[in-house]
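Student: As they're listed, the protein sequences go chains A and B. For reference, each letter of the first sequence is one residue, going 0 to 519 in numbering that gives the first Met the number 0. For reference, each letter of the second sequence is one residue, going 0 to 519 in numbering that gives the first Met the number 0.
Quick caveat, the hints were computed from the structure, so don't treat them as lab data. Worth double-checking, as some hints may not be accurate.
A pair holds if it fits inside one copy or across any two, identical chains being indistinguishable in the list.
Said to hold, decoys possible - Using 35 Å as the maximum straight-line C-alpha spacing, the simulated DSBU-like pairs for lysine-lysine come out as follows:
{"no.": "1", "residue 1": "K265", "residue 2": "K50"}
{"no.": "2", "residue 1": "K256", "residue 2": "K50"}
{"no.": "3", "residue 1": "K222", "residue 2": "K265"}
{"no.": "4", "residue 1": "K442", "residue 2": "K265"}
{"no.": "5", "residue 1": "K373", "residue 2": "K238"}
{"no.": "6", "residue 1": "K211", "residue 2": "K50"}
{"no.": "7", "residue 1": "K256", "residue 2": "K442"}
{"no.": "8", "residue 1": "K442", "residue 2": "K373"}
{"no.": "9", "residue 1": "K211", "residue 2": "K442"}
{"no.": "10", "residue 1": "K222", "residue 2": "K256"}
{"no.": "11", "residue 1": "K373", "residue 2": "K211"}
{"no.": "12", "residue 1": "K442", "residue 2": "K238"}
{"no.": "13", "residue 1": "K265", "residue 2": "K211"}
{"no.": "14", "residue 1": "K50", "residue 2": "K373"}
{"no.": "15", "residue 1": "K265", "residue 2": "K238"}
{"no.": "16", "residue 1": "K222", "residue 2": "K211"}
{"no.": "17", "residue 1": "K373", "residue 2": "K265"}
{"no.": "18", "residue 1": "K373", "residue 2": "K256"}
2 protein chains.
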Amino acid sequence: MTFPRMLSCLLAPMLVLSMHDSAASETPRPAYAWSTDEAFDPGTIPAYGGKHDAVYARIDADIDAHVAHLQRWVRQRSISAQDDGIRDMARLLADDLHALGFAEVEVVETPGHPGVLGWYDAGAERTLVVYMMYDVQPIEENWRIDDPFAGELVEHELGTVLMARGATNQKGPQRAFLNAVDAMIATHGTLPVNLYVVAEGEEELGSPNFGKVIEPWLDRLRKADGAFFPMNIQMADGKASLNLGVKGIVYFELEAKGGEWGGPSKAEIHGSMKALVDSPTLRLVQAIASMTTPDGNTIVIPGYYDAVAVPTVEQQRLVNALARDANDAAVQRALGVSRWIGGMEGREAIVRNLFDPTLNVDGLWSGYTGEGVKTILPHMATAKIDSRLPPGLEPEASYRMIRGHLDANGFDEIELRPMSGYPAASTSVDAPLVQAFLGVFNKYGVDTRVSPWLAGSAPFYQFTRTLGLPFVFGGLGHGAGAHAPDEYMLIRPAQGVGAAGLADIEKSYVDILHALSEGL
Amino acid sequence: MTFPRMLSCLLAPMLVLSMHDSAASETPRPAYAWSTDEAFDPGTIPAYGGKHDAVYARIDADIDAHVAHLQRWVRQRSISAQDDGIRDMARLLADDLHALGFAEVEVVETPGHPGVLGWYDAGAERTLVVYMMYDVQPIEENWRIDDPFAGELVEHELGTVLMARGATNQKGPQRAFLNAVDAMIATHGTLPVNLYVVAEGEEELGSPNFGKVIEPWLDRLRKADGAFFPMNIQMADGKASLNLGVKGIVYFELEAKGGEWGGPSKAEIHGSMKALVDSPTLRLVQAIASMTTPDGNTIVIPGYYDAVAVPTVEQQRLVNALARDANDAAVQRALGVSRWIGGMEGREAIVRNLFDPTLNVDGLWSGYTGEGVKTILPHMATAKIDSRLPPGLEPEASYRMIRGHLDANGFDEIELRPMSGYPAASTSVDAPLVQAFLGVFNKYGVDTRVSPWLAGSAPFYQFTRTLGLPFVFGGLGHGAGAHAPDEYMLIRPAQGVGAAGLADIEKSYVDILHALSEGL
Chain A
0 MTFPRMLSCL LAPMLVLSMH DSAASETPRP AYAWSTDEAF DPGTIPAYGG KHDAVYARID
60 ADIDAHVAHL QRWVRQRSIS AQDDGIRDMA RLLADDLHAL GFAEVEVVET PGHPGVLGWY
120 DAGAERTLVV YMMYDVQPIE ENWRIDDPFA GELVEHELGT VLMARGATNQ KGPQRAFLNA
180 VDAMIATHGT LPVNLYVVAE GEEELGSPNF GKVIEPWLDR LRKADGAFFP MNIQMADGKA
240 SLNLGVKGIV YFELEAKGGE WGGPSKAEIH GSMKALVDSP TLRLVQAIAS MTTPDGNTIV
300 IPGYYDAVAV PTVEQQRLVN ALARDANDAA VQRALGVSRW IGGMEGREAI VRNLFDPTLN
360 VDGLWSGYTG EGVKTILPHM ATAKIDSRLP PGLEPEASYR MIRGHLDANG FDEIELRPMS
420 GYPAASTSVD APLVQAFLGV FNKYGVDTRV SPWLAGSAPF YQFTRTLGLP FVFGGLGHGA
480 GAHAPDEYML IRPAQGVGAA GLADIEKSYV DILHALSEGL
Chain B
0 MTFPRMLSCL LAPMLVLSMH DSAASETPRP AYAWSTDEAF DPGTIPAYGG KHDAVYARID
60 ADIDAHVAHL QRWVRQRSIS AQDDGIRDMA RLLADDLHAL GFAEVEVVET PGHPGVLGWY
120 DAGAERTLVV YMMYDVQPIE ENWRIDDPFA GELVEHELGT VLMARGATNQ KGPQRAFLNA
180 VDAMIATHGT LPVNLYVVAE GEEELGSPNF GKVIEPWLDR LRKADGAFFP MNIQMADGKA
240 SLNLGVKGIV YFELEAKGGE WGGPSKAEIH GSMKALVDSP TLRLVQAIAS MTTPDGNTIV
300 IPGYYDAVAV PTVEQQRLVN ALARDANDAA VQRALGVSRW IGGMEGREAI VRNLFDPTLN
360 VDGLWSGYTG EGVKTILPHM ATAKIDSRLP PGLEPEASYR MIRGHLDANG FDEIELRPMS
420 GYPAASTSVD APLVQAFLGV FNKYGVDTRV SPWLAGSAPF YQFTRTLGLP FVFGGLGHGA
480 GAHAPDEYML IRPAQGVGAA GLADIEKSYV DILHALSEGL
């Protein structure tokens with residue numbers, strides 16, 4: 000029996016080697032078990048039936064003044080990255096809240112730009128926290144208008160738009176919401192719900208001090224019934240995408256630098272020294288490479304996929320609905336991407352996009368990056384890396400596993416510098432707050448796609464976790480060009496354009512506050 | 000017997016995995032067999048005994064005019080990278096050769112800067128090819144003198160120096176050689192050897208057209224007896240390092256870019272898309288990482304070490320001599336390096352530096368490299384990489400193995416753009432040309448270290464392979480600051496400084512030409 004025994008022993012290492020060569024099969028991305036093919040249908044939620052004709056009429060009568068409020072907001076510069084107009088905008092917001100009848104308004108100092116807190120006591124049973132960001136992105140080249148802060152109304156193929164920095168991200172929808180509040184108070188003298196406004200001036204900087212902004216009122220805010228961020232979520236054709244959360248993120252730098260371990264420590268040296276001198280650049284490359292399979296698509300850091308949650312039936316139903324009208328080719332065309340990873344499409348692509356943690360190199364640099372030939376052995380190399388965290392994978396765990404993996408593989412000398420980190424946030428589609436929104440959307444005949452969360456990240460855990468509230472970011476309305484030239488918000492749609500204009504946006508906010516007061 | 004059989008089968012894959020984890024032991028760098036501990040001693044070569052007092056006296060009498068020639072050369076700008084003064088310098092060199100009595104002088108046009116060819120027919124038996132570069136590096140910041148082209152004599156701790164761009168790299172030693180030629184012709188009306196001068200104006204650009212420069216006279220040049228590049232190779236204390244060759248090099252860019260295979264093809268996209276979209280940056284990182292062990296120090300491209308030559312007894316004797324007064328700590332201090340790879344030192348470090356092929360990342364860049372957080376999935380990533388080639392490893396073979404390795408590992412989409420490539424060059428220490436140099440060095444009491452070649456690269460294969468000649472780059476004299484501020488050449492050494500001054504440099508060149516005429 001010697002021969003068969005030898006054979007099986009020879010085969011064993013071959014199998015292991017073959018598994019190692021195809022690392023993807025050794026450490027696959029999660030397989031997501033699926034238990035239902037039912038699809039969520041927002042049309043089954045009864046359309047909101049309330050009528051508030053007096054307020055609607057007031058909005059129609061005041062619409063020019065309401066447009067002027069949006070213009071006033073965008074004309075006030077508030078570029079957080081350049082500290083341009085920030086305090087004036089914080090003051091403008093605080094003054095507007097005062098003028099609307101907010102009993103308490105505070106400008107909250109932070110280590111960065113100030114926040115603004117407001118409290119409107121309607122004596123109502125329900126309380127809504129309204130999140131606002133009053134800062135905007137810097138200005139890029141190539142705007143078609145001379146001054147992105149002029150607050151111009153521009154004739155656009157979709158109708159009349161407000162074209163300005165901040166028009167849709169996020170001053171337009173936020174002031175539209177306050178216009179609705181204004182019309183309700185002007186008509187009835189009060190609101191159907193109490194309101195907190197919690198505003199920051201550093202959203203475009205990653206909200207580093209938002210925790211400080213809400214801290215003074217933390218106990219009060221936690222007693223609210225839900226949180227909301229006004230946002231234009233309609234496409235030009237009127238279809239809306241409501242995302243019930245966001246992924247978390249860790250964003251960090253990895254850096255290799257010569258030192259006691261080896262490599263040039265003071266400056267680059269001649270490239271011919273490589274036979275004698277360790278290369279920090281190659282060490283960084285090896286460290287990054289050690290974190291994924293050769294295709295760059297599967298994370299091989301031990302345990303990294305372990306905490307990823309199994310899709311619930313509710314999430315499966317949402318994904319099934321999204322998959323029904325998925326158009327991968329159109330999204331790929333828009334992005335300039337020929338194919339998704341491995342040629343996947345449809346539901347698989349949606350599930351992976353939502354549930355897979357990612358590891359992505361945002362930037363990478365070392366040594367000589369100019370034209371032509373320069374032979375140096377650089378003394379340092381740096382990478383910017385982000386990992387998107389679905390619900391279940393905490394930033395602390397992510398950092399711990401990454402550092403542990405580097406150390407376990409001998410990359411002790413690679414410095415890991417955390418720059419940002421926060422967990423995912425998500426709210427159930429069954430939450431009364433979400434149901435109220437969808438009911439109002441149905442009243443306006445909006446075809447709404449609902450996703451359990453976005454693949455992108457935002458620190459909305461501050462609402463779902465710090466405050467413990469259901470959280471919705473959305474609303475009728477259409478805009479485009481956030482972080483880009485020619486940013487706009489649609490004010491008066493042209494004939495046949497499906498997206499709501501300013502008057503309908505404001506009326507839908509009126510309905511939402513009433514729906515919340517009734518059903519939250 | 001079932002249990003032991005299972006056990007051995009379980010152990011087998013563990014062993015394989017453990018081998019894979021320690022890739023260095025799987026694919027080690029070459030082990031260099033050593034057969035002798037004898038050390039080469041240049042002191043055993045008889046000191047050159049010729050006396051040429053009339054020429055020496057002429058040099059001493061004319062030394063101020065000779066210094067003025069060096070000043071005239073460095074005052075003529077000739078920055079090849081900026082095409083600054085190039086044609087004027089080519090003309091100046093051609094005119095000087097004419098004035099010295101070179102019968103044929105040609106300015107050779109190339110696709111780049113022109114070359115200069117000169118022929119001095121002494122009617123002698125022996126013929127020497129003298130290589131010259133007439134271009135210089137651009138000017139950096141932080142020179143202590145106002146004008147690096149003023150040709151100033153400066154009082155330095157070592158004595159009087161000519162401080163200027165090109166003073167030591169390479170106008171000073173080249174014109175010093177022509178001063179010696181001038182003195183010999185002035186004294187005796189002719190030279191003991193015939194001379195070719197082959198000069199280029201693109202050495203600092205990597206000599207892309209040097210082949211074109213020598214092409215018109217190729218057949219004539221191949222009939223010469225040796226080739227020589229005047230160079231100051233003394234340290235300030237007088238010790239000299241004579242290197243009998245150089246490594247070759249391939250220098251190339253690797254680039255990953257989104258395309259049909261996947262990834263963003265037009266521009267960066269949002270970083271959160273990583274779950275769906277391949278990352279060109281991670282692919283480049285993986286491709287580079289696949290070429291070395293995790294420590295970045297052993298090349299795992301199949302066959303890459305196979306062509307490396309075994310050190311000959313002659314090379315072993317040279318290395319043994321170098322190892323006797325190796326001072327790793329001093330070199331490491333100068334470079335700002337704490338240790339050589341793996342803590343090696345002495346002879347092992349010398350052997351690896353000379354004989355190991357290298358793989359070095361000179362530069363690397365992708366995506367966002369600014370301050371702070373920006374989350375993008377870049378559409379391209381680029382690396383500049385060089386590999387130093389010891390004798391035996393040809394650039395064509397190197398490129399073929401690298402491309403083959405990338406393809407074999409599935410990195411077909413990674414573009415490899417060759418930017419440079421040439422083989423090593425080396426001349427035997429036993430060549431009469433080398434023996435003549437060492438004999439003259441011994442006459443001047445110079446303590447000379449002789450290395451089989453440099454770890455650095457230069458296209459000297461044009462002499463050893465294209466022309467098929469023994470080649471020496473060296474000479475008495477001391478300078479510093481090539482490619483750096485405050486470049487100088489020592490003209491009149493201070494008391495106690497061991498390096499030769501201009502007069503002795505020129506006298507040694509007189510001796511070398513005579514030694515060649517007698518012994519070549």
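Student: Run every hint past the structure and note whether it holds.
Tutor: Verification of the supplied hints:
no.	hint	in the structure
1	K265 to K50	neither (73 Å within a copy, 49 Å between copies)
2	K256 to K50	neither (66 Å within a copy, 56 Å between copies)
3	K222 to K265	neither (56 Å within a copy, 48 Å between copies)
4	K442 to K265	neither (67 Å within a copy, 41 Å between copies)
5	K373 to K238	between (54 Å within a copy, 30 Å between copies)
6	K211 to K50	neither (40 Å within a copy, 88 Å between copies)
7	K256 to K442	neither (60 Å within a copy, 47 Å between copies)
8	K442 to K373	neither (66 Å within a copy, 39 Å between copies)
9	K211 to K442	neither (38 Å within a copy, 80 Å between copies)
10	K222 to K256	neither (50 Å within a copy, 51 Å between copies)
11	K373 to K211	between (48 Å within a copy, 23 Å between copies)
12	K442 to K238	within (14 Å within a copy, 93 Å between copies)
13	K265 to K211	neither (40 Å within a copy, 40 Å between copies)
14	K50 to K373	neither (73 Å within a copy, 45 Å between copies)
15	K265 to K238	between (57 Å within a copy, 27 Å between copies)
16	K222 to K211	within (18 Å within a copy, 83 Å between copies)
17	K373 to K265	both (18 Å within a copy, 28 Å between copies)
18	K373 to K256	both (20 Å within a copy, 23 Å between copies)
When held up to the earlier numbered hints, the structure conflicts with 1, 2, 3, 4, 6, 7, 8, 9, 10, 13 and 14 and fits the remainder.
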